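4 protein chains.
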Amino acid sequence: MYLITVSIQCPDKKGIISEVTSFIYKMKGNILYIDQYVDRENKAFFMRLEAEFDDKLHSYDSFIDAFSKGPCKKFKISWKHRLNSVKQKMAIFVSKHDHCLYDLLGRYKSGELDVEIPFIISNHIEAKKIADTFKVDFYHTTIDSHTKESSEKKQLELLIKHKIDFLVLARYMQIIPEKIIEKFKNKIINIHHSFLPAFPGAKPYHSAFERGVKIIGATSHYDTKELDAGPIIEQGVTQVTHSHSVDELVSKGKDLEKIVLSNAVKNHIQQKVMVYKNKTVIFN
Amino acid sequence: MYLITVSIQCPDKKGIISEVTSFIYKMKGNILYIDQYVDRENKAFFMRLEAEFDDKLHSYDSFIDAFSKGPCKKFKISWKHRLNSVKQKMAIFVSKHDHCLYDLLGRYKSGELDVEIPFIISNHIEAKKIADTFKVDFYHTTIDSHTKESSEKKQLELLIKHKIDFLVLARYMQIIPEKIIEKFKNKIINIHHSFLPAFPGAKPYHSAFERGVKIIGATSHYDTKELDAGPIIEQGVTQVTHSHSVDELVSKGKDLEKIVLSNAVKNHIQQKVMVYKNKTVIFN
Amino acid sequence: MYLITVSIQCPDKKGIISEVTSFIYKMKGNILYIDQYVDRENKAFFMRLEAEFDDKLHSYDSFIDAFSKGPCKKFKISWKHRLNSVKQKMAIFVSKHDHCLYDLLGRYKSGELDVEIPFIISNHIEAKKIADTFKVDFYHTTIDSHTKESSEKKQLELLIKHKIDFLVLARYMQIIPEKIIEKFKNKIINIHHSFLPAFPGAKPYHSAFERGVKIIGATSHYDTKELDAGPIIEQGVTQVTHSHSVDELVSKGKDLEKIVLSNAVKNHIQQKVMVYKNKTVIFN
Amino acid sequence: MYLITVSIQCPDKKGIISEVTSFIYKMKGNILYIDQYVDRENKAFFMRLEAEFDDKLHSYDSFIDAFSKGPCKKFKISWKHRLNSVKQKMAIFVSKHDHCLYDLLGRYKSGELDVEIPFIISNHIEAKKIADTFKVDFYHTTIDSHTKESSEKKQLELLIKHKIDFLVLARYMQIIPEKIIEKFKNKIINIHHSFLPAFPGAKPYHSAFERGVKIIGATSHYDTKELDAGPIIEQGVTQVTHSHSVDELVSKGKDLEKIVLSNAVKNHIQQKVMVYKNKTVIFN
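Residue numbers (our numbering), protein chains in the order written: chain A, 6 to 289; chain B, 6 to 289; chain C, 6 to 289; chain D, 6 to 289.
Bear in mind the hints are in silico, worked out from the structure with no lab data behind them. Computed from a prediction, not measured in an experiment: that's the story for all the values here. There's no promise every hint is true.
[Said to hold, decoys possible] No farther apart than 20 angstroms at their CA atoms in a straight line, the calculated lysine to aspartate or glutamate pairs in the EDC-like style are these: (1) B/282 with D/215; (2) C/114 with B/131; (3) D/19 with C/40; (4) A/19 with A/44; (5) B/230 with B/131; (6) D/257 with A/117.
[Said to hold, decoys possible] Distance ranges between label pairs, derived from CB positions: (7) D/206 with B/33: 52 to 58 angstroms; (8) C/159 with D/243: 50 to 56 angstroms; (9) A/250 with B/190: 40 to 46 angstroms; (10) A/84 with C/246: 19 to 25 angstroms; (11) D/119 with B/190: 55 to 61 angstroms; (12) A/59 with D/215: 42 to 48 angstroms; (13) B/33 with A/84: 24 to 30 angstroms; (14) B/101 with A/19: 50 to 56 angstroms.
By construction, the Cβ of each residue, glycine as well, lies at the ideal position given by its N, Cα and C atoms.
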């Protein structure tokens, strides 16, 4: 038996669900989960399903081939698919603030995140100790006027060499090079420490304090060329009062950031996130 | 064109989704919304869909007939269906506390609730003024040792005479007669002013105060013979502190009750609630 | 016996609490509630207290006089004070969307809001019916190029004639004239249908939909000359998903707006809101 | 200069605040934070303050002595006090589930928790690895019919020998011996994985699943002889749906438990929690 996850996007038309589910039925598959969404305004159809097949009847590759030639062709479907048994490779980028790094590695070690983490990259050597504690490889890439270019080259090489599937920016305060953004489109998960679109850019907790808001937030989104403007995956908020100092906002925000980022990462791993017109469809 | 909503429950089996969606496709229907859920432990399948048909091709009745003889028979489906254009009839029962009554009638008048409200029943004559303000019929049914039997008889007669589809207990502090509970199974929506199963029964805000909880809640559920133990439709909570008196808990709770009850009512109207083993599947 | 509420603002100095509480003790007062806050960065002190005095010993006026000459002078206190038994006069301005109006009037009639409402002003004549239902005076002030000036004059005259203490803009979509803003500084409570500073201006739910946020909000703030930039009193949020249309955001937002606005109004009535550097200190 | 925290409980009487603040003013102290609460029903007064004194004028001991003889005597105050510069000693008890342990140790190492952690006790040897990673001493105390008595004796000895100030039960699934509960009254912080009083006892997530609740919670409370019935310090909740399995409830609950427990621990450390009639007053 093998278990697969399929995510589908195509123009909305009568009969897609019927076609896809009948196709799987004919291939003797058992649908375990299925979700659809239709964006009526844009006439776009989205579907995610998990199905189980008997590998004595046909292989994963032959299913992929048949589905491509069948429903995909008929309905102009663009799709992603994966064999659930194969672990995805996730790289972590981090700067000075290490609470999200601790959180992700704790979840990784306890088996909560179903991935491999081949390495951590940081522009701060202090993160090496944490990588060592959790026995994950570490690369130090300094980002200054002299080293920027070589560091970025090294980063890209590492990502390619290790066949990284997606990146997590666990409070990485450097700009990601355009080459990496292009190569990993909708595969770079960032955590921004505000309730976007409020307070983009640097020092959002300071801005929130200055404005006197009564609720602060955190936003996980895919990184795009435009700063803090990519498709939002997950947001969380928590109440604050006039009595909270900036430091207390930072401290309260840390717990938010950890949870929002880890939820976004889990949804990405399970292929529950589909991107469309700089927005996300989340099946969960 | 006509628009219908269908809710399905049956034992889980391979091919149900394929069968149902293909059937609708063959009937030239257009599926607007579709949701499924499989309870793997109990091998139970649930589906809700909204679909549009051309009444020049076949009538609502002929679709119902064909679906009954086709998928329903094949998969032992128990189902509910309705023509979306037909408004359901909702009766409101209320006692002394009138905030939920005000809230429901406000939403009704503004068109937010897509129902007819043929009448309001109360054991408190004070509610008549509110019914008058909103121009809804009102019946006063006193519940004491002498009048109980005749009142309950009158209630049931009113429900039958007006072809009521479902009842809302908008803080009705009397026991609903068993005959009505039996006749309106999973069609009596109650609001209980606590986070069930904590604090069932009378005076839950007093109990919450006494226990010193830091969060209070409200629960909307279908009424069953066992008090406050029916299938939960919706719950809401809000934070409180040591400084809140019982009266302040009551006041904060009112806003919760209004929102939780009106959400439950909306989900019921749209046939988004399915009951199974004293629990609900909510498609929204 | 008489009950008063006092709100104090002054530069922070050692001994203020001691001075104020000892003063009240010497006047044979009983402090029922007391809250303080010190903004350390700006060295500003805030205090709110409710105290009970024996009117056989001295009058409200004589207390006010003594407190002015005593603690106020010594610590350069700027303060507000009120006799709790005197109801404040609140005017409501509303445009087309009437859910907040319904909500406020419902709370008013049930005794939840301890105010008088001398009148409602709207640029939409439709609101008259609601005012009539709840038996509140109504004035229709059209706002176009011909009537703007006379309408604004009339509004100011009404506010002065009825000795209005504060205004509530219950979704009033017109600009408040500068003269009124100046005269009612920190006394005009607005509800904005977004989580400010995100999505200021018109059509915030459309912008939220466009941006694909996963949480929407509402913000109550004091009106200032700069649009949607005044001191924030209260904010609330609720989760949304990709599947919510703009209309559904609007609908979910209505419940938020009602609760956020009514909480802000209650805090204002009880003099729990103090404004400082375009931010609020909220004692509750 | 030295900084102290004082928590006060006494029968409510006119003039307490005035007396205490004037006393501190006369001792040339500077009040940094002050909070009060009066339980009117029970006529009980609560106050917490942080104040700064000049150690050239008098020592901490002499202040304590003077305050005991002064305000404490006059108003029958029972109080707690501490020198903020002295770190409290916190012991952690844990069983099999290690997410709260990881979380607390991460916060400890990053400096977020201002305590010393002399040791961790577990009935599961697996926790030793985690203790080693974070370089904290570890004791293994097996709890079976043969070892129970000696283990409990050893636990008490360790607590006394290391002068432990308070205990955290970070998902410790064993009963705490009465002797320890008595000695550490209101000093044993437990995390229960449900929204108490709903689902006390074992397997609350299973019970929540069975009942079909739409919100799950976590509760941190002081341990008392009666199971899961001690004074509640903090509660948190999160939404769930019919589609969540028991395992998913457990997984969602872990994040709740971590945050609820760590907030309770922080409030305890800062002496912000006062216990009264099996309830807590929380000043924050």
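* **Given pair status - residue 44 of chain A, residue 19 of chain A, alpha carbons within 20 angstroms** => Given that 20 angstroms is the threshold and the Cα spacing comes to 14 angstroms, the pair holds.
* Does the alpha-carbon distance linking residue 282 of chain B and residue 215 of chain D stay inside the 20 angstroms limit? -> Cα-Cα ~9 angstroms, so holds.
* To do: With 24 to 30 angstroms as the target window, see if residue 33 of chain B and residue 84 of chain A comply at their CB atoms.
  => The hinted range 24 to 30 angstroms holds for residue 33 of chain B and residue 84 of chain A, with Cβ atoms some 27 angstroms apart.
* Do residue 250 of chain A and residue 190 of chain B keep their Cβ atoms within the hinted range of 40 to 46 angstroms? -> violated (56 angstroms)
* Would you mind confirming whether the straight-line C-alpha gap from residue 230 of chain B to residue 131 of chain B stays at or under 20 angstroms? => violated (28 angstroms)
* Asked: In this structure, is the beta-carbon distance linking residue 59 of chain A and residue 215 of chain D contained in 42 to 48 angstroms?
  -> violated (34 angstroms)
* For the pair supplied as a hint, residue 19 of chain D and residue 40 of chain C, is the alpha-carbon distance within the 20 angstroms limit? -> Given that 20 angstroms is the threshold and the Cα spacing comes to 16 angstroms, the pair holds.
* Sort out whether residue 117 of chain A lies within 20 angstroms of residue 257 of chain D, counting only the CA atoms. => holds (11 angstroms)
* Asked: Taking 50 to 56 angstroms as the hint, is the beta-carbon distance of residue 101 of chain B and residue 19 of chain A inside that range?
  -> holds (53 angstroms)
* Given the range 52 to 58 angstroms, decide if the beta-carbon distance of residue 206 of chain D to residue 33 of chain B lies inside it. => Holds - the Cβ-Cβ distance for residue 206 of chain D and residue 33 of chain B, about 56 angstroms, lies within 52 to 58 angstroms.
* Verdict for residue 159 of chain C, residue 243 of chain D (Cβ pair) under range 50 to 56 angstroms -> holds (51 angstroms)
* **Pairwise hint evaluation, residue 131 of chain B against residue 114 of chain C, where the allowed Cα distance is 20 angstroms at most** => Judged against 20 angstroms, a Cα distance of about 14 angstroms means the pair holds.
In summary, the structure is inconsistent with hints 5, 9 and 12 from the numbered list given earlier, while agreeing with the others.
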